[in-house]
Amino acid sequence: GTGCIVRTSLAARRVGVPSAQVMAPPTRDDIYRTMESALARSLEGILRLPEGVLLANRDTRGRWGEAGAYYAYCIRCGTWLTLDVAQTHEACGGSWWDDRLHKAAATWAPQLEKMAAHVRQGEDPYFGLLDLRAAAPSDRCSLPALSLGRRQLVRMSFPRLGEPLDVCIDVPESAAAAGGGATLSDAERQPLRILLYFHGHGEDYRLGPKSVPGLAVVSANCPRSVGGKRCFWFQEGAGGAWERHEHAKLRKCDAMLEAMAAVLDASSAALAALDWPVGIDAQVCLMGVSMGGHAALEFARSAPGRVRCLAVAAGYYQEPEMEELLKSIASIPLLLAHRTGDRCCPFGNIQRLHRLRLALPATPAAVTDSWFEEGIRHGPTDEELQDVIRWVLAQSR
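Each residue of the sequence shown is one higher than the last, beginning at 14 in my numbering.
Everything labelled a hint here was simulated from the structure, so no lab data went into it.
All values derive from a computational prediction rather than experimental measurement.
Any given hint could be a false lead.
What the hints assert, rightly or not - Calculated pairs, DSSO-like style, for lysine-lysine (alpha carbon to alpha carbon, straight line, at most 27 Å): (1) K223 with K127; (2) K242 with K265; (3) K262 with K340; (4) K265 with K340; (5) K242 with K262; (6) K127 with K116.
What the hints assert, rightly or not - Simulated DEER-style distance windows between Cβ atoms: (7) E271 with H214: 38 to 44 Å; (8) G106 with E176: 30 to 36 Å; (9) G141 with R173: 30 to 36 Å; (10) P333 with E103: 50 to 56 Å; (11) P333 with P226: 19 to 25 Å; (12) Y45 with S383: 33 to 39 Å; (13) R41 with R356: 36 to 42 Å; (14) E336 with R356: 23 to 29 Å.
Beta carbons are placed, not taken as given, at the ideal position from N, Cα and C, and that holds for glycine.
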């Protein structure tokens with residue numbers, strides 16, 4: 014419970030773990046592999062590690078705690094530390110030093126310095142996005158002031174989730190909103206639309222669709238777990254059940270539905286404060302890929318009156334609830350994009366959803382588009398993603 018793994022004679026064990034299970038001091042290869050893994054996953058916090066505290070292990074199997082967690086090793090006192098504790102491990106009083114391990118970690122010094130330069134400029138270290146996560150809004154349900162023409166990160170706190178929720182908001186340019194009497198563009202003569210994007214498993218929320226004239230993009234980061242259960246946007250339960258599409262073994266994650274509704278409210282208010290020439294659209298466009306496709310469908314089902322249109326790429330939905338879903342979203346324009354040989358999210362599931370949609374009377378009639386193609390690729394290409402954005406902009410309700 015202390016976040017430390019204390020050193021024994023030739024190895025170290027974690028407090029609360031049976032003494033037979035030990036972690037030996039790391040090797041240079043351990044450090045190389047762990048740093049490569051951390052940078053590939055855009056791990057937060059590695060810039061805050063003190064001198065002599067090295068990122069040196071990723072517990073992929075969950076032997077020491079949460080599966081996938083990273084651990085650091087202090088070469089002064091020989092202690093293993095959880096990443097959170099490692100960031101404040103500055104005065105341990107240890108007198109040891111392993112120069113080989115220190116030199117191994119120094120291999121990444123140039124890259125870490127570039128990341129640190131982003132942070133000094135108020136940007137996130139990996140993507141150079143305007144980082145407003147440390148800004149203090151007036152209350153928990155509001156966001157700091159946004160900037161026109163920037164891709165920016167904000168953070169919201171939700172006690173039911175157990176950890177903050179990070180959100181990327183990409184705001185298009187607007188010369189008119191910025192002042193100076195500029196002539197309105199065609200996009201600025203319409204209310205600013207908002208696209209709420211739900212990313213897929215393994216996709217970084219910061220790499221979601223980019224804004225285009227007249228369309229802002231809001232993309233949150235789905236947490237790995239909520240309340241001790243694996244979280245897949247609005248489904249929670251065992252990861253194996255989700256991977257096998259055993260939806261009956263999963264439960265709806267109401268805490269995430271509540272959180273994302275609040276994210277949309279706060280983002281809409283922050284965008285409205287930018288004084289877009291003719292205001293913002295009262296309805297939101299939804300898009301999701303893979304598990305994010307399920308999330309887009311579930312969000313639309315929970316709040317159909319808030320949704321202008323809905324695009325689902327390589328998605329899925331639990332079959333016993335498809336008819337109830339389709340009744341809720343009957344008047345919402347819907348795009349389904351999928352490849353027939355997709356092995357991650359089988360095509361048959363979304364094909365059934367499409368057939369049921371066409372069979373249900375919609376009053377008033379809503380657009381139903383299907384972009385079904387042969388192939389085994391899971392998810393859209395960059396070009397196909399832009400086609401979906403154009404489809405979104407073309408919809409009215």
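Inset, instruction - Tell me, in ascending order, the numbers of any earlier hints that this structure violates. - result: Per hint list: 7, 11 and 12 violated.
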